[in-house]
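Using the hints, position chain L against chain S.
In case you want the letters, here they are:
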Amino acid sequence: MLSRVANSIYWLGRYLERAENYARFLDVNFNLMLDLPQDLKAQWEPLIFATGDQDLFAKKYSEFDRRSVIHFLTFDLDNPNSIFSSVSFARENARVIRENLTKETWEYLNELYHFVKKRAEKKDFGKEDPRVFFESIKNQILLLYGLADSTVARTEGWHFRQLGMYLERADKTSRMVDVKYHMLLPSPNWVGTPLDFLHWTALLKSVTAFNTYRRLYGNIEPSAVVEFLLLNKYFPRSVFFCIKEAERCLHNISGNRDTGFHNSAEKSVGELRSKLEFTDVEEIIQVGLHEYIDQLQVKINQISDRINDNFFQIKDNFSHQNSAQE
Amino acid sequence: MDTNLYQPKGFYDEMFTNEGECRSHYCDFLKILKKTSSKKMQHLQHSANKTQVAMGMTFNVYHDNQGVEKILHLDIVPRIIDHAEWKHLEAGLKQRIYALNLFIHDMYNDQKALKDKIIQEDLILGSKDYLKACQGLTPPKGIWCHITGTDLVKDKDGEYYILEDNLRCPSGVSYMLESREIIKRAYPDLFNKLGVMPVSDYPAKLLKMLQFISNKEKPVVGVLTPGIYNSAYFEHSYLALQMGVELVSGIDLITKGKKVYMQTTKGLQQIDVLYRRIDDTFLDPLTFNPHSMLGIPGIFEAYKAGNIAMANAPGTGVADDKAVYAYVPRLIKYYLGEEPILKNVPTYLCREEKDRQYVLDHIEELVVKETNAAGGYGMLIGPKSTKEEHAKFRQLIKDNPTNYIAQPTLSLSTVPTWTDEGLEPRHVDLRPYILYGETIEVIPGALTRVALKKGSLVVNSSQGGGSKDTWVLYGDDTNGQSH
Chain S
5 MLSRVANSIY
15 WLGRYLERAE
25 NYARFLDVNF
35 NLMLDLPQDL
45 KAQWEPLIFA
55 TGDQDLFAKK
65 YSEFDRRSVI
75 HFLTFDLDNP
85 NSIFSSVSFA
95 RENARVIREN
105 LTKETWEYLN
115 ELYHFVKKRA
125 EKKDFGKEDP
135 RVFFESIKNQ
145 ILLLYGLADS
155 TVARTEGWHF
165 RQLGMYLERA
175 DKTSRMVDVK
185 YHMLLPSPNW
195 VGTPLDFLHW
205 TALLKSVTAF
215 NTYRRLYGNI
225 EPSAVVEFLL
235 LNKYFPRSVF
245 FCIKEAERCL
255 HNISGNRDTG
265 FHNSAEKSVG
275 ELRSKLEFTD
285 VEEIIQVGLH
295 EYIDQLQVKI
305 NQISDRINDN
315 FFQIKDNFSH
325 QNSAQE
Chain L
52 MDTNLYQPKG
62 FYDEMFTNEG
72 ECRSHYCDFL
82 KILKKTSSKK
92 MQHLQHSANK
102 TQVAMGMTFN
112 VYHDNQGVEK
122 ILHLDIVPRI
132 IDHAEWKHLE
142 AGLKQRIYAL
152 NLFIHDMYND
162 QKALKDKIIQ
172 EDLILGSKDY
182 LKACQGLTPP
192 KGIWCHITGT
202 DLVKDKDGEY
212 YILEDNLRCP
222 SGVSYMLESR
232 EIIKRAYPDL
242 FNKLGVMPVS
252 DYPAKLLKML
262 QFISNKEKPV
272 VGVLTPGIYN
282 SAYFEHSYLA
292 LQMGVELVSG
302 IDLITKGKKV
312 YMQTTKGLQQ
322 IDVLYRRIDD
332 TFLDPLTFNP
342 HSMLGIPGIF
352 EAYKAGNIAM
362 ANAPGTGVAD
372 DKAVYAYVPR
382 LIKYYLGEEP
392 ILKNVPTYLC
402 REEKDRQYVL
412 DHIEELVVKE
422 TNAAGGYGML
432 IGPKSTKEEH
442 AKFRQLIKDN
452 PTNYIAQPTL
462 SLSTVPTWTD
472 EGLEPRHVDL
482 RPYILYGETI
492 EVIPGALTRV
502 ALKKGSLVVN
512 SSQGGGSKDT
522 WVLYGDDTNG
532 QSH
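Which chain is which? The protein sequence lines are S and L, in order. Counting the first sequence from 1 gives a position; the working numbering is that position plus 4. Counting the second sequence from 1 gives a position; the working numbering is that position plus 51.
If we strip away everything but chain S, and leave its shape as in the complex, we get:
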């Protein structure tokens, strides 16, 4: 497969997953807001901190109010990670490799783009409930996933797309857990109160994990939720699961049937996988949840860099022309 094509497929996978996760971020904050006691205001600030784009936000907006945060995360094309940006980038990547996609994939993605674009041209959500919109974005992306799952041949292109999707999902799940860190309780005395409980529940719901968690763990315990979302071996949005799948994708791409590694991308993903596999949640809490998540994100970025070096970097005389995406 052409390096350029593999690069675009990988990023198509990442951008779609990014858009879907942003829709989840926003959706869950709305749900949380509805359950809050009357005297507490909804917090929009943690969303911006969790995405890591607080500097960019501060340049354009003065307040972390609902309107600004939603606009920034949903429609703002100056924010390269907003839903509109992500969907546009996904479509641009698809457009340059259209001959490698099924006709339906292209058409539904194109439709999704026009859907977001049309909404972006209208006024912001005033009193209108934006959840219908976020729900629709999630559904359209899930439709694209289902379509790929049942029609795309399991060749190199498929593995690159899955690789992008899983790495992005690992990153975004870790950020969602981090939202909880930024979500302030009125005082430390509130730990373990219904409000605290509400935050953790909202977090689980944002990754469609609430029922599964209940079945596996029972009571809502902060350390159990963290273990579930970071280390669980079976839940398809947990960081460990995503990293394990990403490793599998890389092995499929290189044809590696053994353990160990064949290239530096496999090496770095394998290291992270094994680290997560042999960690328990107490160790994470000892390091500090926020600090641990920070390190995790650095490692995920490193894996992406290694993938770029091994498969997408066009060597020889044209290296400057193959611009890296992020």
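Just so you know, not all the hints are guaranteed correct.
Restricting the straight-line Cα-Cα distance to at most 30 Å, the calculated cross-link-like pairs of lysine-lysine (DSSO-like) are [claimed, not checked]: (1) S:Lys126 with L:Lys121; (2) L:Lys101 with S:Lys122; (3) L:Lys101 with S:Lys127; (4) S:Lys107 with L:Lys235; (5) L:Lys449 with L:Lys179; (6) S:Lys271 with L:Lys317; (7) S:Lys107 with L:Lys121; (8) S:Lys122 with L:Lys91; (9) L:Lys307 with L:Lys269; (10) L:Lys101 with S:Lys142; (11) L:Lys259 with S:Lys107; (12) L:Lys317 with L:Lys259; (13) L:Lys317 with S:Lys107; (14) L:Lys101 with S:Lys121; (15) S:Lys107 with L:Lys91; (16) L:Lys256 with L:Lys138; (17) S:Lys142 with L:Lys121; (18) L:Lys85 with L:Lys244; (19) S:Lys122 with L:Lys121; (20) L:Lys145 with L:Lys207; (21) L:Lys101 with S:Lys107; (22) S:Lys303 with L:Lys317.
Per label pair, the in silico range of CB-to-CB distance [claimed, not checked]: (23) L:Lys85 with S:Pro240: 53 to 63 Å; (24) L:Pro341 with S:Arg158: 37 to 47 Å; (25) L:Pro341 with S:Pro240: 51 to 61 Å; (26) L:Lys394 with S:Glu125: 48 to 58 Å.
If you're looking for bench data, these hints aren't it; they were derived computationally from the structure. Computed from a prediction, not measured in an experiment: that's the story for all the values here. Even for Gly, the Cβ is constructed at its ideal location relative to N, Cα and C.
Showing chain L alone in chain S's frame:
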């Protein structure tokens, strides 16, 4: 719908005679039209437009903002060509392409036609489209022009005239293919009833031709595109998808030891055939335009060494010049000893004094064209222009006579077209596609371009033109059902 309201207005109309009678090959279609309400027509047109946007059948307009995507309006009333008429066209096009290929080969090799004074030497050797680098070259299997999209028009007399040969990188074939799919949905029953010849095997034929020009048993084929901002990008990616080959751009390819390689996730892989959609001079910055960012340094050396085949071969542009065009009937006679089957539009060469004087005196009645421009740019339509424009072109011709030719204004034929005012006659041209591989084959269909503005004769998509699906009907000599 009341089709009696339709007025052909004195031009040759493809559907109705001047007396208002329906031509026989349109009769079945007319019956359908009469049964279809205006509202239904509107609905069909609307859903055709929507399908095009959903499919992303968009093109980018030159001189426009990058990334502005437009659709080429597809009219829902087809243009129908009866079988006998098609056979005549087919024979004429094969003859012309065969002769033009011999001509191109001659110009880069023995130059017999120059020595025999059939065509002037400076017209060829002085042309910017004559690539000295191709001298002495014989492309694989001796074929230069593998893919042609000849433009024809029909004049008042109901006869076809060749307008342009388009031997470089003719575009539009994807519209022929996709339009057919959309129109099929609009008239599902009619295709079988009328017996419309299919065009859908074009990609398979194209691939077979591309494989044929390589010496390898199983050659690796790719479509070479300038990239996503090219106006025909949709088509490049569409053809690669339909043929199941890689779509490559300059940055994907490198040359080593006079061979061309694609950069893949598993290292370098040799590529054997390129359907290149990049202009000649942008192909290789080492041989041609040193500023080309689109090309592949060293590809021309690989081509000369026979390690990569290209369609069309570099250098075909020399036969595509609007001045050379005037000589094609003579060239057919010279190379084949045959009378040309299809007519040329009479052409005045401003480089020749007698012709130039005639053009300067009669500019109000003539169409003046720049010899090297495409897309309807650099053109004057005498009868539709102001005195100031006439004066401007007179001066341009005097300053640089070799750059201009002139032709009488043809009254392009009309086809009923769906407009805001209902069914109206609009002028059309015809672009069939011809493949030259093991044999020369004319694809039974075409891109019919239609000037959507009332009275306009400019059909170019960049200047307000649209398209129509073109139906070639089966005849008694074809397999399958006949009408």
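Among the hints numbered above, which are violated by the structure, and what are their numbers in rising order?
none
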